[in-house]
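Whenever a hint applies, use it, and build me the whole structure from the sequences.
Residues 1 to 404 in my numbering are what the sequence shown lists, from first letter to last.
Treat the hints as calculated values from the structure; they're not laboratory data.
Mixed in with the good hints, there may be bad ones.
[Claimed, not checked] Label-pair ranges, simulated between beta-carbon atoms:
{"no.": "1", "residue 1": "Ser320", "residue 2": "Lys261", "range": "20 to 30 Å"}
{"no.": "2", "residue 1": "Gln402", "residue 2": "Met181", "range": "50 to 60 Å"}
{"no.": "3", "residue 1": "Asp335", "residue 2": "Asp383", "range": "17 to 27 Å"}
{"no.": "4", "residue 1": "Asp99", "residue 2": "Asp383", "range": "53 to 63 Å"}
{"no.": "5", "residue 1": "Asp99", "residue 2": "Glu53", "range": "16 to 26 Å"}
Ideal Cβ positions, reconstructed from N, Cα and C, are used throughout, including at glycine.
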Amino acid sequence: MEEIKNHYGSFQPEADTDSNAFKTGDLLLSSCWKHYYLLLHLEDQKFSQHYKELLDQYLSGIQYYMDNHASGSADNKDSGLETTKFFLNCLCLLLGRLDSKRFESTMSEIGMKISRILVPQLNCTDEDVIVGAVAIFKAIILKPNLSQEDALINSRQANIVMPFLLHLLDEQDGTSRAVVMLIAEYCSLCKDDMCLMEVLKRLASENISQRRNAMDVIAEILHISLASKKPLPHSAWQETANTLLERLGDKDIWIREQASKLLPMIDPSLYLLDLVRLVYSPDENQSSASDAIIGVLKRHNQNIEIIFLLVDCLNNISQSLDLPQPAGDKESKVDTARVLKLVPEWSKSVQDWNNLIGPLIDKMFADPSNAAIVKFFSYISEDLKNVVDLVLHHVLLHVREQKE
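As structure tokens, then:
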């Protein structure tokens, strides 16, 4: 650092006469290229002997410029920022060179120190600093296969960092985009659902940026969980479904659309009855709820249990007295056609009726009082023309059974 300071001093007079002649970042890179060269030169045999010394230098550098260049003139701030970025780059390169065993031992020794020094960098206005800090935190926090002792240390570090990362979801900018995936991955690895609950709180916020960023995090969590061997616990799925149902009535169109796209990724048994009820709501929930139902049917187009669930929901709702009724028409019945008219969107997507027709016919004969199943058939009649023989076969089987 002393060499850097002296190097800057030798250029000062010329910099005063022509401020554009030398950029701070260029001077710093030129002055400290030996550090980059050392870190990038993978064949360096001495690296393992003094990496801890280098690590301490880089952390001290970040701490120094954070303490001494946070205020003052614009030139002073710019100089401190560029120097911080340099040390952060060096820190990333150094940690990236450590093998897994050495990395874990380093984190056990000074992981908390690294976290304390880097957390304030998450409030920086420069996206490069944010990206660098997030990259390091990702390496520190997202370690699923740790010993019990290391897992405890890892959890402490996460508890320090996560509140700051969540705070970055308050604005719609490059910084928030940088932390979305990290937060989602961490929530997916957590044994409890505290992190997820914090994200869901933001999804219900009055701040539209918080809601949009939280929706991005939820989308990533759902994709990660569906592809993972360790899916979210049942309670987490239920809370997520409930919150997405609420967002179907959001004032922001984009949020409503996202909610209707994400709900089908969750087990419909957790929310389908409530979703069908929303189709009969008098506000903007209606359109988004309809889109979500179409998404559910298409995503599960070969799952007969989902169709049965929908039909039963309609039958139950048609007999319900607690749905909103048109003004002055307390005697009116629920118009099941409002939901059933969405069914052709599903039937068009069905590739194989062989495993669907039999159970559907069985349900119709087993529950003749269920008017919804009869109406259901009328809405898919066009698509059943190509499998009429299959339909007649199953109908005749039931007729014969009744005669016997």
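*asked:* Assuming the hint says 50 to 60 Å, is it satisfied by the Cβ distance from Gln402 to Met181 or not?
replied: holds, 59 Å
*Return holds or violated for the Cβ distance of Asp99 and Asp383 against the range 53 to 63 Å.*
holds, 59 Å
*Go ahead and decide if the range 16 to 26 Å is satisfied by the Cβ distance of Asp99 to Glu53.*
holds, 18 Å
*asked:* Can you tell me whether the CB distance of Asp335 to Asp383 sits inside 17 to 27 Å?
replied: For Asp335 and Asp383 the Cβ distance comes to about 22 Å; the hint holds.
*Can the suggested window of 20 to 30 Å be confirmed for the beta-carbon pair Ser320 and Lys261?*
holds, 28 Å
Consistency with the previously given hints is maintained throughout, with no hint failing.
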